[in-house]
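Once you have looked at the hints, place chain A on chain P.
So the protein lines, in turn, are chains P and A. Each residue of the first sequence is one higher than the one before, starting from 1 at the first, in my numbering. Each residue of the second sequence is one higher than the one before, starting from 347 at the first, in my numbering.
The set of hints was computed from the structure by calculation and includes no laboratory data. Incorrect hints may have been included.
To be verified - 27 Å max Cα-Cα, derived DSS-like pairs, lysine-lysine:
hint, chain 1, residue 1, chain 2, residue 2
1, A, K437, P, K302
2, A, K437, P, K91
3, P, K107, P, K162
4, A, K599, P, K302
5, A, K501, A, K563
6, P, K302, A, K563
7, P, K180, P, K231
8, P, K253, P, K308
9, A, K386, A, K453
10, A, K437, P, K155
11, A, K508, P, K91
12, P, K253, P, K12
13, P, K162, A, K501
14, P, K155, A, K508
15, A, K453, P, K308
16, P, K162, A, K648
17, A, K501, P, K155
18, P, K91, A, K501
19, A, K501, P, K217
20, P, K129, P, K231
21, A, K437, P, K217
22, P, K253, A, K648
23, A, K394, A, K526
24, P, K162, A, K437
Number of protein chains: 2
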Amino acid sequence: MSRADRFLNACKNLPVDCTPIWIMRQAGRYLPEYRAVRAKLSFLELCKTPDAACEVTLQPLERFELDAAILFSDILVVPEAMGMELILEDKGPEFPHPITSRAEIEKLAIPDPERELAYVMEAIRRVRKNLGGRAPLIGFSGAPWTLAAYMIEGKTSRSFEKAKALLFGDEALAHTLLGKIADSVTAYLNAQLAAGAQAVQLFDSWAGCLAPEDYAKFGAPYLTRIIQGLKRDGQPVIVFGVETGELLGLLAKTGADVVGVDWRVPLPEARRRTGAQVSLQGNLDPTSLFLPGDLLDARARKVLADAKAAGGGHIFNLGHGIHQHTPPESVARLVDLVHRESARSA
Amino acid sequence: MSRADRFLNACKNLPVDCTPIWIMRQAGRYLPEYRAVRAKLSFLELCKTPDAACEVTLQPLERFELDAAILFSDILVVPEAMGMELILEDKGPEFPHPITSRAEIEKLAIPDPERELAYVMEAIRRVRKNLGGRAPLIGFSGAPWTLAAYMIEGKTSRSFEKAKALLFGDEALAHTLLGKIADSVTAYLNAQLAAGAQAVQLFDSWAGCLAPEDYAKFGAPYLTRIIQGLKRDGQPVIVFGVETGELLGLLAKTGADVVGVDWRVPLPEARRRTGAQVSLQGNLDPTSLFLPGDLLDARARKVLADAKAAGGGHIFNLGHGIHQHTPPESVARLVDLVHRESARSA
Chain P
1 MSRADRFLNA CKNLPVDCTP IWIMRQAGRY LPEYRAVRAK LSFLELCKTP DAACEVTLQP
61 LERFELDAAI LFSDILVVPE AMGMELILED KGPEFPHPIT SRAEIEKLAI PDPERELAYV
121 MEAIRRVRKN LGGRAPLIGF SGAPWTLAAY MIEGKTSRSF EKAKALLFGD EALAHTLLGK
181 IADSVTAYLN AQLAAGAQAV QLFDSWAGCL APEDYAKFGA PYLTRIIQGL KRDGQPVIVF
241 GVETGELLGL LAKTGADVVG VDWRVPLPEA RRRTGAQVSL QGNLDPTSLF LPGDLLDARA
301 RKVLADAKAA GGGHIFNLGH GIHQHTPPES VARLVDLVHR ESARSA
Chain A
347 MSRADRFLNA CKNLPVDCTP IWIMRQAGRY LPEYRAVRAK LSFLELCKTP DAACEVTLQP
407 LERFELDAAI LFSDILVVPE AMGMELILED KGPEFPHPIT SRAEIEKLAI PDPERELAYV
467 MEAIRRVRKN LGGRAPLIGF SGAPWTLAAY MIEGKTSRSF EKAKALLFGD EALAHTLLGK
527 IADSVTAYLN AQLAAGAQAV QLFDSWAGCL APEDYAKFGA PYLTRIIQGL KRDGQPVIVF
587 GVETGELLGL LAKTGADVVG VDWRVPLPEA RRRTGAQVSL QGNLDPTSLF LPGDLLDARA
647 RKVLADAKAA GGGHIFNLGH GIHQHTPPES VARLVDLVHR ESARSA
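If we strip away everything but chain P, and leave its shape as in the complex, we get (with noise of 0.2 Å):
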């Protein structure tokens, strides 16, 4: 069985020869090789030249045995593209003038993504011409509320009081703003999609802060507009945020074919949690990587456990993104387990 099939009949819960594995953030800091690109070109610079965008993409492919490629980009290119100044640095990023009023909101364009996202369709183009069928492109987007918590925070925040605020406290305010950043995310990944990328993830990274409720009005509708608008043929959508143990059930209904796990939520309970529709994407601590070899192997073999107790298709990926000071043997390890242990077991 090819890589790229092991990838997508997991995501479709159907036949494969083993487990496969990618890795969120793989593109990434702690790989030497990747700092030394950024050393030319910031973040920003990087993500908007294609022949850059598309070397740190395959850099862990050259390096691991995984399973996908996912393309090297940042989720706020896109409020970007609607019209608001972004400053990427590595403290964190930041829009300088976050949306205070429906004013602001009514300003922001639904931007046409063969013009002002044209860079990332172009180096979807590259990736897929570079990597020749070795391994499926994930194409991705950040969720509305995700997007829209930035864009109304201006930055990274612990508690999301202002977005929050704004949001709860004006709800038509609110669905006039998410029902924008949707409408853009489809046009987005619909040309993600025609450029080749071979499935999608939507990043609903900040899911996790709001309570069920709020959720089912703020952010779990949004997916099923977008995932309801994509032009697919046959290619698998990936929902996933972080601390979604509550909302897992509502990930699973918005009609994506796989759910991704943090680590706080075993899959057997993740799995009672979303029904038997969707395959399940997860759920390694990303701390397991700093462990002694024997302890991570121990993690990851309770990972697979979990997951053939759980049933259903699985994805193997950590619970968060892999952390900037993570040993990259560490990383070749992990594949290499999850593949042998999972194809002995199968």
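Relative to chain P, chain A alone:
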């Protein structure tokens, strides 16, 4: 019914005239009278000056009809008393010499709370004298996992990769450190009870970054050990952390009387996970206090309705500490609404 009985009865699931309410971090930066004291004293000086700590502890009770006072202090005074240099500035706490080895753990002392933490006991005695039975006083401590995480990371972290690497990577070392902290906390809380604390809360603030299997090993057993070591004359114990959805069952089995619940888990679901033997504390999203009055009311009523549906004792609180920029008028409105509505429906 006196305010003292209302809170203490709710902790024990005994009859109450209406739902008691207090607010995590109620003595804090959202109050101008607190900021006035802080203009003269640093945070750590304030913790260590019993007169001033007593004054700020009582400030919110002068303004609002709260059903409990909570001592003004900080969870990190215990590691400091164990021998670690502590810097508490507005940018966040810091241990400039974090723990990296067994040798450093061996050097940590189990402090005599009447000596190294005498300022806390003195503050408790002054608060009790000044409260004069108006409301009960809650003492508190950080829990072992959370304190260990701070002591190893040196500061607040999002991922706690150093703490997890050290503790998961060497379980014998982990249990030495956590045991030493547990013994320090037990002595500390016993001194607080002897000095007059009428309830104690264990803050396991970072519990939620551990998977249930890890919390069952490195978190919950140390809460049990502390609670079993307390010399109580009926004073209830509350355990609290955020993102603890998957840990509520473990928290309920520690021997605590009350389990705090953050806003992510609706109280009826929390009740299913804790069982009937504990009271529940929570769980309004703290950002609700930024909403227009009628929307704040609706959210507070929902928590009361959820608590009724959940059954058993309920202490109203936020799901996490109150935010710095919260309008004090919203707190007054909330306290009033909780008392009025719960008395009506009782």
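Outcome of the hint check:
{"no.": "1", "hint": "A:K437 / P:K302", "verdict": "violated, 39 Å"}
{"no.": "2", "hint": "A:K437 / P:K91", "verdict": "holds, 15 Å"}
{"no.": "3", "hint": "P:K107 / P:K162", "verdict": "holds, 20 Å"}
{"no.": "4", "hint": "A:K599 / P:K302", "verdict": "holds, 25 Å"}
{"no.": "5", "hint": "A:K501 / A:K563", "verdict": "holds, 23 Å"}
{"no.": "6", "hint": "P:K302 / A:K563", "verdict": "holds, 16 Å"}
{"no.": "7", "hint": "P:K180 / P:K231", "verdict": "holds, 19 Å"}
{"no.": "8", "hint": "P:K253 / P:K308", "verdict": "holds, 22 Å"}
{"no.": "9", "hint": "A:K386 / A:K453", "verdict": "violated, 35 Å"}
{"no.": "10", "hint": "A:K437 / P:K155", "verdict": "holds, 17 Å"}
{"no.": "11", "hint": "A:K508 / P:K91", "verdict": "holds, 20 Å"}
{"no.": "12", "hint": "P:K253 / P:K12", "verdict": "holds, 15 Å"}
{"no.": "13", "hint": "P:K162 / A:K501", "verdict": "holds, 25 Å"}
{"no.": "14", "hint": "P:K155 / A:K508", "verdict": "holds, 25 Å"}
{"no.": "15", "hint": "A:K453 / P:K308", "verdict": "violated, 45 Å"}
{"no.": "16", "hint": "P:K162 / A:K648", "verdict": "holds, 22 Å"}
{"no.": "17", "hint": "A:K501 / P:K155", "verdict": "holds, 21 Å"}
{"no.": "18", "hint": "P:K91 / A:K501", "verdict": "holds, 17 Å"}
{"no.": "19", "hint": "A:K501 / P:K217", "verdict": "violated, 36 Å"}
{"no.": "20", "hint": "P:K129 / P:K231", "verdict": "holds, 22 Å"}
{"no.": "21", "hint": "A:K437 / P:K217", "verdict": "violated, 34 Å"}
{"no.": "22", "hint": "P:K253 / A:K648", "verdict": "holds, 24 Å"}
{"no.": "23", "hint": "A:K394 / A:K526", "verdict": "holds, 23 Å"}
{"no.": "24", "hint": "P:K162 / A:K437", "verdict": "holds, 20 Å"}
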